[in-house]
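Engineer: Letter by letter, the chains look like this.
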Amino acid sequence: MTRYVGSRLLALLPILLGVAAVSFSLVHIMPGDPLDSLMDPQSTQAERDAFAAALGLTGSLPEQFFTWLGRVAGGDLGRSIAFRQPVLSMVVGALQNTLLLAGAAAVFGLLVGSVLGTLAAVHRGRALDRGVTGLSLIGLSIPSFWLGMILVALFGVTWQLLPVSGIGSGSGTDLLSHLVLPTLAVSAPVIGLTTRMVRTHVAEILEGQHVEFLRANGMGRARLLLQVWRNALPNVLTIFGLELGNLLGGSALVEIVFSWPGVGQLVYQAVTQRDIPVIQASLLLVGLLYVVINLAVDVGQTLLDPRRRSQVVST
Amino acid sequence: MSTSALAEAPGSEALPTPPGPPGLVPRVLARARSRRRSRVDLPTRLAFGFLVLVLLSAVFAPLLTPYDPLVGDISQRLLSPGSPGHLLGTDEQGRDIATRLMFGARLSLLAAVLPVAVASVLALACGLIAGSRPGLLGTVLMRVLDVFFAFPAIMLAIGVAAALGPGLHNAFGALVLVFTPPLARVVEAATRHVAGMEYVQAAQLTGATRARILVRQVLPNVLPPVLTYAASLMGVSLLLMAGLSFVGLGVRPPTPEWGFMLGSMRDMIYTSPVNAILPGIAIFLTAVALNVVSDGLRDAADRS
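Quick note, the sequences are listed as chains A and B, same order.
The working numbering numbers the first residue of the first sequence as 1 and each following residue consecutively.
The working numbering numbers the first residue of the second sequence as 316 and each following residue consecutively.
Just so you know, these hints were derived from the structure itself, not from any lab.
Each residue gets a CB set at the ideal place from its N, CA and C atoms; glycine is no exception.
It is possible that some hints are incorrect.
[Stated by the list, open to error] Beta-carbon label-pair distances, calculated as ranges:
1. L520/B with I29/A: 42 to 48 angstroms
2. L233/A with P535/B: 50 to 56 angstroms
3. F375/B with E204/A: 57 to 63 angstroms
4. E204/A with R525/B: 37 to 43 angstroms
5. P568/B with T2/A: 53 to 59 angstroms
6. R223/A with A432/B: 47 to 53 angstroms
7. L226/A with A517/B: 47 to 53 angstroms
8. G208/A with G480/B: 25 to 31 angstroms
9. L61/A with F375/B: 45 to 51 angstroms
10. L226/A with L520/B: 53 to 59 angstroms
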């Protein structure tokens, strides 16, 4: 097992290097001389040289990459052009808020989606199944930022029930009340996808011979479902991980609608100000986190599923 | 934003067995196609009809409306839907919303189709090469594409589009970059699967060149699963493009585009919520229709 995790970690290295390379190249796919778009046009040559050196834009491209990589490894992700402060602390702070929102939406979406998906699988082919399938299609097709706008209009403007902007004091019930609407908006596609996948998996398990056997032995419906659910758990965990990873980006647009101080909102501000270091660092850190979450999911699934575990141990 | 559909990429295990001997393929496909028509269910046909309507209104927009999509009458701004002469009301600059929705459909429909189409072609090239040459070249190619899996789709799209600068071409380019890797994975898996088939070995024995086998034997059998998956990405593409435009990385004002219309009226949500929400209905219904059609086609293909 340790060897398995170790080999997975090793396999991670080239991907991480790739993530770094993609983030690094953002500055270089900008049209024209990056300095022109990043700097005041009236700046002097000396200022430009100093700025280029600070951004690591001197020397050949591979040279620049490894200088940049070295600095990143040391925790220096550069300074924001608009806010004139280190990018790292800005992005890490925002990332925490995004994780909070993404986590809440993933948990909520997973719960609702699991219930709906199981219902649909048990009543397969009947009206309830068709209704749930239609619902999941709506969840997958609705633009979450639009759903967010509707929630703002209803709960914030018409009924004035819940706060629709920001994060409040950032703790306790105030935070929770600010979290409700963005979570609903972000979780729509999660509900859609989870419902679909749980329906497929549970329906598959329900057709298995062991379920047939348990049923023939007279096991009650509730206990049977519990058993089915235990079989479905590794897959459900995978869905959860995938969703959590996707929501790191998927919540971006909803964050903008609700002024939620997460990475999406930060990148949005950075985009309007062409603050490339912030975008670069956000992409890098989100990419790192995404890769780590995916690895954790893979390892977790292997641990949970006895069939895969024995494969790993025997090799 | 349902970028998560990207995670739904069919693996090799989900691939249907390619139809029989290659010489028969065109005939078999033609027959399957004629039979398939009757297998498409009612919701799929309704959704398809809706998409055709949207397309027609996009093409004939100038004939269908007396208003200019770009210039409005400031004195007529934010009229509520149902106002005389403005069925869906007007926007923050006094432009007719129905008119802008019709003109906006041009870019939004294009955004659903074009990035996926371009990405499919690129993915076919990468995937066919990687799948048929499992050596160094194939491995390197796929590992490079793997890197782009390490980002949530919308983040990658926003980052790339932001670096390239706002504009339609750059947004399209960013979406192509997002869609190519998952499509290439499907192509590669399908190619590996097909390359092991007996009819490919038979073709090899007749002395056919590698290129000829790829084009005549492998490609026709790789296409069905790839097209099915590509079809399912069109709804995602529409939503991603709307998202990019929403944050100002897509079209430039005053060009009408659904996501951009939503974005520019975002602050009107407090004063004229119905007007502000209207463009989203167009995005939502079109995305539903695209997803219903792609699901229906997949089911029909599974049945035949």
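Engineer: None of the hints should be skipped; say for each whether it holds.
Structural biologist: Right, here's what the structure says about each hint:
1. Against the hinted window of 42 to 48 angstroms, the Cβ-Cβ separation of L520/B and I29/A comes to about 47 angstroms, which satisfies the hint.
2. Remark: the range hint 50 to 56 angstroms for L233/A to P535/B is contradicted by a beta-carbon distance near 40 angstroms.
3. Remark: the range hint 57 to 63 angstroms for F375/B to E204/A is contradicted by a beta-carbon distance near 47 angstroms.
4. Take E204/A and R525/B: their Cβ atoms lie about 39 angstroms apart, and the range 37 to 43 angstroms holds.
5. Evaluation of the 53 to 59 angstroms hint for P568/B and T2/A yields a pass: the beta carbon distance comes to about 57 angstroms.
6. Against the hinted window of 47 to 53 angstroms, the Cβ-Cβ separation of R223/A and A432/B comes to about 50 angstroms, which satisfies the hint.
7. At roughly 51 angstroms, the beta carbons of L226/A and A517/B sit within the given window of 47 to 53 angstroms.
8. Distance hint check: the CB atoms of G208/A and G480/B are about 54 angstroms apart, inconsistent with the given range 25 to 31 angstroms.
9. Between L61/A and F375/B the CB atoms are about 50 angstroms apart, so this pair conforms to the stated range of 45 to 51 angstroms.
10. At roughly 55 angstroms, the beta-carbon separation of L226/A and L520/B lies within the given 53 to 59 angstroms, and the hint holds.
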